[in-house]
Amino acid sequence: MSYYFSKMVTGDFDAAIAKVTEELKKEGFGILTTIDVQETLKKKLDVEFRKYKILGACNPHFAHQALSEEPFIGTMLPCNVIVQQHENGQVEVSAIDPVASMMAVQNEKLGEVANEVRKKLENVIANV
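In short: position in the sequence shown from 1, add 65, done, that's my numbering.
Don't take every hint at face value.
Here are the simulated DSBU-like pairs of lysine-lysine, each with C-alpha atoms no more than 35 Å apart in a straight line [as the list claims (entries may be wrong)]:
#1 Lys-107 <-> Lys-174
#2 Lys-72 <-> Lys-107
#3 Lys-185 <-> Lys-72
#4 Lys-84 <-> Lys-174
#5 Lys-174 <-> Lys-109
#6 Lys-109 <-> Lys-84
#7 Lys-84 <-> Lys-116
Using C-beta positions, here's what the derived DEER-type ranges look like [as the list claims (entries may be wrong)]:
#8 Ile-100 <-> Pro-125: 19 to 29 Å
#9 Thr-105 <-> Glu-173: 34 to 44 Å
#10 His-126 <-> Glu-152: 17 to 27 Å
#11 Lys-108 <-> Glu-177: 40 to 50 Å
#12 Gly-121 <-> Met-73: 21 to 31 Å
#13 Asp-111 <-> Glu-173: 42 to 52 Å
#14 Asp-79 <-> Thr-140: 23 to 33 Å
#15 Thr-105 <-> Thr-140: 19 to 29 Å
#16 Lys-184 <-> Val-112: 30 to 40 Å
No lab work stands behind these hints: they were computed from the structure.
Every residue gets a Cβ at the ideal spot worked out from N, C-alpha and C, and that includes glycine.
Input sequences plus hints: build the corresponding full structure.
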């Protein structure tokens, strides 16, 4: 089982970020954090890296359900979605598969939440 799902998209990097954000919103997610990996690696290590952003997406309804069932599940939140530009210029959007990540947690009720979140994140990736 893969721990993520992914799709190559048309258009440029910034357009992909905007489209991902829009699609996440349609599915009830907001962006809590944005990590610009390219900028961070340049600043901290003075190394060049491709365009790569990690979007920490949260659906408050599902986060509340998960936290109510498992008090330490916050260590695995939010759901990360990445947008990266490969050396050939292609842009790829990927999201964590919450079902795969929840396999480490032995809580059946979390599995139900993870399946619902998976469907929403799959919709996001499909619609980007």
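Consistency of the hints with the structure:
no. : hint                            : in the structure
1   : Lys-107 <-> Lys-174             : violated (42 Å)
2   : Lys-72 <-> Lys-107              : holds (27 Å)
3   : Lys-185 <-> Lys-72              : holds (15 Å)
4   : Lys-84 <-> Lys-174              : holds (31 Å)
5   : Lys-174 <-> Lys-109             : violated (41 Å)
6   : Lys-109 <-> Lys-84              : holds (29 Å)
7   : Lys-84 <-> Lys-116              : holds (16 Å)
8   : Ile-100 <-> Pro-125: 19 to 29 Å : holds (20 Å)
9   : Thr-105 <-> Glu-173: 34 to 44 Å : holds (38 Å)
10  : His-126 <-> Glu-152: 17 to 27 Å : violated (39 Å)
11  : Lys-108 <-> Glu-177: 40 to 50 Å : holds (41 Å)
12  : Gly-121 <-> Met-73: 21 to 31 Å  : holds (22 Å)
13  : Asp-111 <-> Glu-173: 42 to 52 Å : holds (48 Å)
14  : Asp-79 <-> Thr-140: 23 to 33 Å  : holds (31 Å)
15  : Thr-105 <-> Thr-140: 19 to 29 Å : holds (21 Å)
16  : Lys-184 <-> Val-112: 30 to 40 Å : holds (38 Å)
Checked against the numbered hints above, the structure breaks hints 1, 5 and 10 and satisfies the rest.
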